[in-house]
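Start from the sequences, fold in the hints, and give me the full structure.
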Amino acid sequence: MNEIPNSFRQGPDSRGRFGQFGGRFVAETLMPLILEVEAAYESSKTDQAFQDEWRRLLTDYVGRPSPLWFAERVTAHVRKTAAPGKGAKIYFKRDELNHTGAHKINAVLGQILLAKKMGKTRIIAETGAGQHGVATATACALFDLPCTVFMGATDVERQQPNVFRMKLLGAEVRPVTAGAGTLKDAMNEALRYWVANVTDTYYCIGTVAGPHPYPMMVRDFQSVIGEETRVQMQAAEGRLPDALVAAIGGGSNAMGLFYPFLDDSSVEMFGVEAAGRGLDTHEHAASLSKGRPGVLHGNRMYLLQDDDGQVQEAHSISAGLDYPGVGPEHSWLHEIGRVQYVSATDDDALDAFQLCSRLEGIIPALEPAHALAATLRLAADMDADKIIVMNMCGRGDKDIFTVAKLLGERL
Amino acid sequence: MSRIAARFESLKGSRGALVTYLQAYDPDPATSLAILRGLPGAGADILEIGMPFTDPMADGPSIQLSAQRALKAGATLSRVLALVRDFRAEDATTPVVLMGYYNPILTYGIARFCTEAASSGVDGLIIVDVPPEEADEIEPDARAHGLDLIRLVAPTTDDARLPRVLAATSGFVYYVAILGITGTKSATRESLTAEIPRIRAHTDLPLVIGFGIRTPAQAAEAASIGDGAAVGTALVDVLAGSLDEQGRAKPDTVRKVLDAVRALAEEIRR
Numbered sequence: 001m002n003e004i005p006n007s008f009r010q011g012p013d014s015r016g017r018f019g020q021f022g023g024r025f026v027a028e029t030l031m032p033l034i035l036e037v038e039a040a041y042e043s044s045k046t047d048q049a050f051q052d053e054w055r056r057l058l059t060d061y062v063g064r065p066s067p068l069w070f071a072e073r074v075t076a077h078v079r080k081t082a083a084p085g086k087g088a089k090i091y092f093k094r095d096e097l098n099h100t101g102a103h104k105i106n107a108v109l110g111q112i113l114l115a116k117k118m119g120k121t122r123i124i125a126e127t128g129a130g131q132h133g134v135a136t137a138t139a140c141a142l143f144d145l146p147c148t149v150f151m152g153a154t155d156v157e158r159q160q161p162n163v164f165r166m167k168l169l170g171a172e173v174r175p176v177t178a179g180a181g182t183l184k185d186a187m188n189e190a191l192r193y194w195v196a197n198v199t200d201t202y203y204c205i206g207t208v209a210g211p212h213p214y215p216m217m218v219r220d221f222q223s224v225i226g227e228e229t230r231v232q233m234q235a236a237e238g239r240l241p242d243a244l245v246a247a248i249g250g251g252s253n254a255m256g257l258f259y260p261f262l263d264d265s266s267v268e269m270f271g272v273e274a275a276g277r278g279l280d281t282h283e284h285a286a287s288l289s290k291g292r293p294g295v296l297h298g299n300r301m302y303l304l305q306d307d308d309g310q311v312q313e314a315h316s317i318s319a320g321l322d323y324p325g326v327g328p329e330h331s332w333l334h335e336i337g338r339v340q341y342v343s344a345t346d347d348d349a350l351d352a353f354q355l356c357s358r359l360e361g362i363i364p365a366l367e368p369a370h371a372l373a374a375t376l377r378l379a380a381d382m383d384a385d386k387i388i389v390m391n392m393c394g395r396g397d398k399d400i401f402t403v404a405k406l407l408g409e410r411l
Numbered sequence: 001m002s003r004i005a006a007r008f009e010s011l012k013g014s015r016g017a018l019v020t021y022l023q024a025y026d027p028d029p030a031t032s033l034a035i036l037r038g039l040p041g042a043g044a045d046i047l048e049i050g051m052p053f054t055d056p057m058a059d060g061p062s063i064q065l066s067a068q069r070a071l072k073a074g075a076t077l078s079r080v081l082a083l084v085r086d087f088r089a090e091d092a093t094t095p096v097v098l099m100g101y102y103n104p105i106l107t108y109g110i111a112r113f114c115t116e117a118a119s120s121g122v123d124g125l126i127i128v129d130v131p132p133e134e135a136d137e138i139e140p141d142a143r144a145h146g147l148d149l150i151r152l153v154a155p156t157t158d159d160a161r162l163p164r165v166l167a168a169t170s171g172f173v174y175y176v177a178i179l180g181i182t183g184t185k186s187a188t189r190e191s192l193t194a195e196i197p198r199i200r201a202h203t204d205l206p207l208v209i210g211f212g213i214r215t216p217a218q219a220a221e222a223a224s225i226g227d228g229a230a231v232g233t234a235l236v237d238v239l240a241g242s243l244d245e246q247g248r249a250k251p252d253t254v255r256k257v258l259d260a261v262r263a264l265a266e267e268i269r270r
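So the sequences go chain by chain: A and B.
Going by UniProt numbering, the residue at position 268 of the first sequence is 268; the numbering climbs one at a time, nothing skipped.
Going by UniProt numbering, the residue at position 233 of the second sequence is 233; the numbering climbs one at a time, nothing skipped.
Derived from the structure by calculation, the hints contain no laboratory data.
Careful, some of the hints might be misleading.
[What the hints assert, rightly or not] Below, a list of computed lysine-lysine pairs in the DSBU-like style, where the Cα atoms sit at most 35 Å apart:
id, chain 1, residue 1, chain 2, residue 2
1, A, K405, B, K72
2, A, K117, B, K185
3, A, K405, A, K45
4, B, K250, A, K167
5, A, K45, A, K167
6, A, K116, A, K167
7, B, K185, A, K116
8, B, K72, B, K185
9, A, K80, A, K405
10, A, K116, A, K45
11, A, K290, A, K86
12, A, K290, B, K72
13, B, K72, B, K250
14, B, K256, B, K12
15, A, K86, A, K386
[To be verified] Simulated coverage check for chain A against chain B, where a stretch passes if three residues somewhere in it have a Cβ under 8 Å from a Cβ of chain B:
id, segment
16, 13-24
17, 222-229
18, 261-268
19, 296-303
Everything numeric in this text was worked out from a predicted model, so none of it was measured.
Glycine included, every Cβ here is placed at the ideal spot set by N, Cα and C.
The structure is reproduced here in structure tokens:
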């Protein structure tokens, strides 16, 4: 069906397609602006001053490179119950140590520099867990740009600390009540706002989805994660890892980790979708496992939808994974089989959240807690001399209220 | 000659066309059909029928809510086509244009959709989130079945881009009069008198002005500057305002919507 390409790193094509996925499915009003973003992004690639400034910000403001941490106690925990000789070595790529607490800031800084280059004077963003909103609000504070963040009303409720952070940083948070009031609805509303404010506004998208060039651009900026991992793993172990694991909502942290390794055939890759209350229920966010190709938010991708092509609401304990679609490049990597997509339930994530806190002294965000749940299973089945790198893409400070409530603790 | 071309031909030299937009199945199939059947008599020249979608990216709150009511009432693409057949059984001449988003059509199957739309009496399609860059997926099937693919032209569509957008357009050109989503701003005379000649220089197709036309006076003005005025949100608001607290039609729902259409039509004919 699908031909295996010579390289997995050549996409997208000139139409912004990864295989059949991606593209630019937007109303005409936005189309000229999308083309303008693409042209500006292409020229930024060879703009040395732009690249230098982005790298400087990553180093001095974000704190990159983020460490690669051998999670010795988690590894030992897995080996305790694994078959003899099993239990792969687990490393965490610690993007939760970035300024603002997640990987989102990597691509935000790139995009804000791009917005300035384009002469845009206002920034909008959508956010689910609030991490992308906080990162965008942060960059806008730094660059003195007015910032409006669209956030589903449900998410505003369950991510109060991040809502307050955004306000402190000077951003306006607009709760979106349409639909289920989650990330999908926030993105609809951001796109609607953008249509009405195309002349002065730049839309800073937080994930590897949306119309071309966003999936490519966000991936490129996030690839700093995988590039660093490659170098750090060489230094630590003198070789490539055997497996990479990352959580998937829209898919930006996973794409950033995977992309630099796509052509290394010895490296297996696992994207972890949120299985919510279980894949056999209707309450999950597993677009690749349970969806089918469709068009939403400007691109063709795997989408949770009913028999009539109406988009379904996703569910996850993690607001950052609560999205019915998944980026086009993941959709393509899924179809050609280069990346395996697995899932973890709300309960799996809650367990991993607590385990990681106790064993490593690292409170993970609920998003990478899904990745950790899958990592524990994978590691137990792999030989002890194998190496897994899991992207610890965010820290759990924002989630402690949600988790406390679920565990019956009063704060 | 297609029904759309025939309708503009018959109006040529006298007045602009009144294009009405209402969403199929809002608030229920029977009321929706009764409104559609009454529209030509109330003065609508071309009917746009919205195909409900969960995530209408280019629509403001009124039409978003309209879509939710329609979906709750059981709207599906095949039922929308059945609604058009029922309308067509009693009206052979009024052009019908389906307007909506791509994903339900993709799910239905592009070839199947175009075949059935044409046989149901649909004359044209406006698929909001399929710009010319992506239209090769649907153009061959639409063309093969004689369906006009009506494109949106926006204030942001510059002269360099216009030829590409217009090249693949047939039936009429839908000029989006505002920077924004449906029902949120009003078009101004100054912008229309500047923009419409700019587009006319590139095409002989009729120009319908929409997004931001609310009142009879605005409609009459737009219909005189362009070749037609499209009114959607204002009619959807009248419909919504006529419903009971549970969102159900009341006995005068159909009359109220048609009265609003009559007021628009009278002003355009003045």
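Verification of the hints:
| no. | hint | result |
| --- | --- | --- |
| 1 | A:K405 <-> B:K72 | holds (34 Å) |
| 2 | A:K117 <-> B:K185 | holds (30 Å) |
| 3 | A:K405 <-> A:K45 | violated (46 Å) |
| 4 | B:K250 <-> A:K167 | violated (45 Å) |
| 5 | A:K45 <-> A:K167 | holds (33 Å) |
| 6 | A:K116 <-> A:K167 | holds (22 Å) |
| 7 | B:K185 <-> A:K116 | holds (28 Å) |
| 8 | B:K72 <-> B:K185 | holds (28 Å) |
| 9 | A:K80 <-> A:K405 | holds (31 Å) |
| 10 | A:K116 <-> A:K45 | holds (15 Å) |
| 11 | A:K290 <-> A:K86 | holds (31 Å) |
| 12 | A:K290 <-> B:K72 | holds (24 Å) |
| 13 | B:K72 <-> B:K250 | holds (17 Å) |
| 14 | B:K256 <-> B:K12 | holds (30 Å) |
| 15 | A:K86 <-> A:K386 | holds (9 Å) |
| 16 | 13-24 | holds (count 3) |
| 17 | 222-229 | violated (count 0) |
| 18 | 261-268 | violated (count 0) |
| 19 | 296-303 | holds (count 4) |
Of the numbered hints listed earlier, those contradicted by the structure are 3, 4, 17 and 18.
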